[in-house]
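Colleague: Sequence:
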Amino acid sequence: MIRVEEVVLCDGWDIRVNDVFSNPSMPYRLKVKKIELEDGETNLNNAWVHCIAVHLKNKNKVINTSENLCNRAWYINEFWTK
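Note that the sequence shown ends on residue 85 in my numbering; no numbers are left out.
Keep in mind that a hint or two might mislead.
Pairs of lysine-lysine residues, derived as DSSO-like cross-links and limited to a Cα-Cα distance of at most 30 Å, are as follows [claimed, not checked]:
no.: 1; residue 1: Lys64; residue 2: Lys85
no.: 2; residue 1: Lys62; residue 2: Lys36
no.: 3; residue 1: Lys36; residue 2: Lys85
no.: 4; residue 1: Lys34; residue 2: Lys62
no.: 5; residue 1: Lys62; residue 2: Lys37
no.: 6; residue 1: Lys34; residue 2: Lys60
It should be emphasised that the hints constitute simulated quantities derived from the structure, not laboratory data.
Here the structure is a predicted model, which is why all the values come from computation and not from measurement.
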């Protein structure tokens, strides 16, 4: 795995470490902690984006959740907004 600080997706949308994303149907926001590309992967949409759940009004307050918060970049792009 190759660790990167930012990926720019094919539609021009970017994801950076420490970005915070919202989804109106979720009780928390996502804060990006790490972005990784699998060895040999050239499609940045397939990067793994590792996140933590944070409070809706305080991006520094971590929320415990049992959900898997590691998703492909295309999923974050599709279902979450900055």
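Colleague: Take the hints in turn and mark each one as holding or not.
Modeller: Checked hints:
no. : hint          : in the structure
1   : Lys64 - Lys85 : 17 Å, holds
2   : Lys62 - Lys36 : 12 Å, holds
3   : Lys36 - Lys85 : 15 Å, holds
4   : Lys34 - Lys62 : 7 Å, holds
5   : Lys62 - Lys37 : 16 Å, holds
6   : Lys34 - Lys60 : 12 Å, holds
Going through the hint list in order, the structure satisfies each hint without exception.
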